[in-house]
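Student: Once you've looked at the hints, dock chain G against the given chain S.
Line by line, the protein sequences give chains S and G.
FYI, the numbering used here numbers position 39 of the first sequence as 39, with every residue one higher than the one before it.
FYI, the numbering used here numbers position 149 of the second sequence as 485, with every residue one higher than the one before it.
Everything labelled a hint here was simulated from the structure, so no lab data went into it.
From the three backbone atoms N, C-alpha and C, an ideal C-beta is built for every residue, glycine too.
Keep in mind that the hints are not guaranteed to be accurate.
[Claimed, not checked] Listed next, with one range per pair, are the computed distances between beta-carbon atoms:
#1 A162/S with Q426/G: 27 to 35 Å
#2 T596/G with V166/S: 33 to 41 Å
#3 E569/G with R147/S: 39 to 47 Å
#4 V166/S with N380/G: 39 to 47 Å
#5 G453/G with L309/S: 53 to 61 Å
#6 I128/S with K448/G: 33 to 41 Å
#7 A207/S with T481/G: 39 to 47 Å
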Amino acid sequence: MMARRYALLLIGLGALLLVSCVVSLGFGPARVPVEVVWHILLSKLFGIGEVNWSAGQEHIVWLIRVPRMLLGALVGAGLALIGAVLQAVTRNPLADPHLLGVTSGATLGAVIVVLHVGEIVGLLTLPIAAFIGALLSMLLVLAIASRHGRLDSDRLLLCGVAVSFVMMAVANTLLFLGDHRASSAVLFWMLGGLGLARWELLAIPSASVLLGLVLLLGMARPLNALMAGEQTAVTLGLNARNVRLRVFLIASLMTGVLVAISGSIGFVGLMIPHIARRLVGAEHRRLLPVSALLGSVFLVWVDVAARTLIAPEDLPIGVATAAIGGLFFIGLMRKR
Amino acid sequence: MTRLTLTQLAWTPLGHGHCHHQFQLRDANLHVAAGEFVGLIGPNGSGKTSLLRCAYRFSKPEAGAVHLGPHSLWQQSPRWCAQRIAVVLQEFPDAFGLTVDEVVAMGRTPHKGLFDGDTEADRQLARNALQSVGLSGFEDHAFATLSGGEKQRVILARALAQQPELLILDEPTNHLDPRYQLELLQLVKRLNIGTLASIHDLNLAAAFCDRLYVIDHGKIIASGTPREVLTVELLRDVFGVAALIDDHPLSGYPRITWITRP
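Isolated chain S (complex conformation) (with noise of 0.2 Å):
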């Protein structure tokens, strides 16, 4: 019965997320009609069907949305795997990707490329920027917390809320003195967005977020029971350390490479294995694919309405997930 109920919800969630991966194609500045994203993909993916469009229309959604929206896809479902399994070894509700210090880091990263360094790789210089001090400020983290050869929850929690702090004092000491045409482009890339999306690009936040849902996937077990307590996995036969030690470095790796392609996008990793859990209760072989499709489905809408609320701009869409995740979810509280 359960196993049905589960079986059909998996099915139904993935058919909508092709769903919307299509759909949200036709959004953005230019309208581009279904059929003819329609048309396009085909063509694409399988060279079938007559072209019948404008090498605009092509350009738009071949090469800036398709991406934009994978881009979405990937960052939704890792951002919502990372935050269900930080709740569940931290045991604290309130865990999300960002508390670990590590987006402090990546934001550190970044503003001392965007102010001091310039371009020196190109495109990817952000990113790579972001993503060393992404990985610094985790071995700081890692470095502070553990003691005696322990890493509880708790002390991992504390430094990472205290590196972050400290991390963003120096970014934000460096935006304060550094100059302010600057600044806006730091303040882009710290309210997040997917404009950096490109074919080019996709290859490792891909390779990340699905290994990662591998790796955590084999982890389902020894997630159950560490989140019922570091005593019960010890008596479960866990090296609850190990397992804490192995799901934090994942979780910040991840974190890491999606921050620093998408910039701090907030909600998603906090709210969505939430209400994933309110849909399939929190065992973890469950739990964690059903989080990753719902973070893929939300946030691929959410950046249709970042890139046509305010079009042509772009909204940053972290301001989207935070206006349009936290009304959601009071309306969800009201309701119960």
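Tutor: Showing chain G alone in chain S's frame:
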């Protein structure tokens, strides 16, 4: 058959300052034979939980050894231990709305590899475990909504689903109504596997345990059958209370009556 042996065990809590002598263990010797129900009694802070933690490979002793049969626990993996020793703690997985059958299914964790799904045999084990604690039909209930007694029984069912050779219980009857205290201990006793339990209620310990160990200030100061151990002198010296001890009129085991002055 396997038996649990603790020899010359010493352990000091980490990071609690230098002057904290509570909870530490000195020269603790203890054994549990196959099928034997052994109770651990002692005042608050005497080291009961510390000793149990050493016995289930949570705390690593500074000196001494913990053996299950011929195997030293600390030369085996946590997984190896969890396949043989199940533990019922006071720690409840309330946080994120797990259901009862999900909590019980956790008991299969030590027997499963990374990507293994649940087999029909696993599900059958979980069903049997729930049935033996009298909670069939509660599978889809949210664990957090159960009463304290039901939670405790679900955790016991999880331990049973682990198919252990040895059961360790940390104050399993805390917060339970008399009826569930008795039912839980009767159930554990009927399982007929080696059991080490810390028990607060001395009359329950006297009624159910084959042997008792008394721990005080981290040292085992007495051991033997309930009749040998539970004496007026011991209760006065260790627990600081005056008591009468006579025989239970129906079952014959020692009965403790506290002497109270209004």
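Student: Looking back at the hints listed earlier, which ones does the structure fail to meet?
Tutor: 2, 5
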